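J.: For reference, the chains in residue letters:
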Amino acid sequence: MASALTVLRRLYLSIYNWLVFIGWFQVLFLALKALKESGHEHVYNAVEKPLLLAQSAAVMEILHGLIGLVRSPVSSTLPQIGSRLYLTWGILWSFPEIRTHILVTSLVISWAITEIIRYSFFGMKEAFGFAPSWHLWLSTFLVLYPTGISSEVGLIYFALPYIKASEKYCFRMPNKWNFSFDYFYAAILALGIYVPGSPHLYHYMLGQRKRALSKSKKE
Amino acid sequence: MKVTLVSRSGREFIKGGLELNDSATVADLQEAIHKRTKKFYPSRQRLTLPVPSGSRERPVILNYKKSLKDYCDGNENTLTIVFKDLGPQVSYRTLFFFEYLGPLILYPVFYYFPVYKYFGYEEKRVIHPVQTYALYYWCFHYFKRIMETFFIHRFSHATSPLSNVFRNCAYYWTFGSYIAYYVNHPLYTPVSDLQMKIGFGFGIVCQLANFYCHIILKNLRSPDGSGGYQIPRGFLFNIVTCANYTTEIYQWLGFNIATQTVAGYVFLVVATSIMTNWALAKHRRLKKVFFFYLSNY
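Chains A and B, in that order, are what the protein sequence lines are. Counting from 1, position 44 in the first sequence corresponds to residue 44 in UniProt numbering; the numbering is continuous, with no gaps. Counting from 1, position 185 in the second sequence corresponds to residue 185 in UniProt numbering; the numbering is continuous, with no gaps.
Note that these hints are calculated values from the structure, not bench results. These numbers come from a predicted model, not from an experiment. Virtual Cβ for every residue (Gly too), placed ideally from N, Cα, C. One or more of the hints may lead you astray.
[Claimed, not checked] With a straight-line cut-off of 27 Å between C-alpha atoms, the simulated DSSO-like cross-links for lysine-lysine are:
hint: 1; chain 1: B; residue 1: LYS218; chain 2: B; residue 2: LYS38
hint: 2; chain 1: B; residue 1: LYS197; chain 2: A; residue 2: LYS176
hint: 3; chain 1: A; residue 1: LYS168; chain 2: B; residue 2: LYS117
hint: 4; chain 1: A; residue 1: LYS164; chain 2: B; residue 2: LYS117
hint: 5; chain 1: B; residue 1: LYS66; chain 2: B; residue 2: LYS35
hint: 6; chain 1: B; residue 1: LYS69; chain 2: B; residue 2: LYS35
hint: 7; chain 1: B; residue 1: LYS84; chain 2: A; residue 2: LYS210
hint: 8; chain 1: A; residue 1: LYS176; chain 2: A; residue 2: LYS164
hint: 9; chain 1: B; residue 1: LYS66; chain 2: B; residue 2: LYS84
hint: 10; chain 1: A; residue 1: LYS176; chain 2: B; residue 2: LYS117
hint: 11; chain 1: B; residue 1: LYS197; chain 2: B; residue 2: LYS218
[Unchecked claim] Taking CB as the label site, the calculated pair distances span:
hint: 12; chain 1: A; residue 1: PRO174; chain 2: B; residue 2: LYS288; range: 48 to 58 Å
hint: 13; chain 1: A; residue 1: MET60; chain 2: B; residue 2: THR174; range: 30 to 40 Å
hint: 14; chain 1: B; residue 1: LYS288; chain 2: A; residue 2: LEU206; range: 31 to 41 Å
The task is simple: from the sequences and hints, build the whole structure.
T.: What follows is the structure in structure tokens.
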């Protein structure tokens, strides 16, 4: 009985990973195409549908971790997916004025390459039991994380005036629960979190890389 | 007797080891280490017995009151101890004082000063009675905590890492300001008079009960803090292990019933989860130390 479940699990995860891989491949392809044909202002419009789909699908990974389908701890997937969803839905989708910014291009390309490598790696592992070029992925993050994070921070920063002006997602006082929420201040807080958060994450990835490279050296 | 000190990586920590009296205590060893290394005062030292490599057991921490002989194997007159630096330490008194000082000072700032001008609101005109009572309740609470820190609580030998000062102050000071902002807000909406009275009344009763719990805990130890782990008895301790946390949680509930802010309730939830974790750990510890604890509780 146990092995049938294992097969089912592998089948499901293979399909999941390869589907999302295709999504991100589309994003990269359409982004580069739009960049070449129309310029950076049109990248978002070209990639919007597969981007929203592929990025939102990542929520499944939290579920996978919670029910024990995969080994990744929820504590590390949650902030990563959180920041991605915040940028995708909370900034880009919510404030159209920012969509033409050039940082959208660098963001989308950084994310797409990272995810293409990541999902193909997991897709191969689940489907075939092994995956080559683990080292490739570990080393690309050295470039893609700084470019991705800078794009994220930059886009939040440049979106601030639009956030303030639109009053979107704000909840004002007076009300009987004496509660208020200001999306503008929340965005500033988010920027603040990137200050300690980014070096912490990067340092963690460096450690992962060192460990995996030394392990493969021993083999 | 000769004591060899190693770091956790196995390197000799003090070259040549230390020579101590056969009747020396762990405290004497700590003093000797401090004298040799100057930097590592006793509360910074974590001294453990070596654990065989591969073993997943938790190392035995040396008790400062015991004599070194108690840790020696058989008749040997030598001892190997593993040393770890815990980093700069502060006494719990110091830690608590700075944690509680923040809320005590920051909250009145939002009440008395035209802070809201900087958030874009005109100067406040109306102050509701509940906001004044909340100020008194809040400040009394943190004043009580500081007084208890200096006059009631009997701290064991333990200290806390210096980094905890920043972490704990961030927690108390941020939440204190967050709650103060909303309770003293110019657009604050008060609850009914009855609800306010129930909230504060219940809160005051719980604060008194909490104070009594602290007295009971204090009497378990002698003035220098020795006494270690004991089972608190009497009053609410007959019902829960950490009645002091229970009364503290309910006291905050009273404050929130009276002031009704999301900020206050968020704080309540976070504080409750932290104290619940502590209480579960203490209950487990007491069960381990006093294995008959379970039969009655």
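J.: Each of the hints needs a verdict: does it hold here or not?
T.: Okay, the hints, checked on the actual structure:
1. B:LYS218 x B:LYS38: violated, 34 Å
2. B:LYS197 x A:LYS176: holds, 17 Å
3. A:LYS168 x B:LYS117: holds, 23 Å
4. A:LYS164 x B:LYS117: The given pair, whose Cα atoms are some 18 Å apart, holds under the 27 Å limit.
5. B:LYS66 x B:LYS35: Holds, at roughly 20 Å.
6. B:LYS69 x B:LYS35: Between LYS69 (chain B) and LYS35 (chain B) the Cα gap is close to 21 Å, so the pair holds against 27 Å.
7. B:LYS84 x A:LYS210: holds, 26 Å
8. A:LYS176 x A:LYS164: This hinted pair holds, its Cα atoms lying about 25 Å apart.
9. B:LYS66 x B:LYS84: Judged against 27 Å, a Cα distance of about 19 Å means the pair holds.
10. A:LYS176 x B:LYS117: holds, 22 Å
11. B:LYS197 x B:LYS218: Outside the cut-off at roughly 31 Å; violated.
12. A:PRO174 x B:LYS288: 48 to 58 Å: holds, 52 Å
13. A:MET60 x B:THR174: 30 to 40 Å: Holds, at about 34 Å.
14. B:LYS288 x A:LEU206: 31 to 41 Å: Since LYS288 (chain B) and LEU206 (chain A) have Cβ atoms about 39 Å apart, the given range 31 to 41 Å holds.
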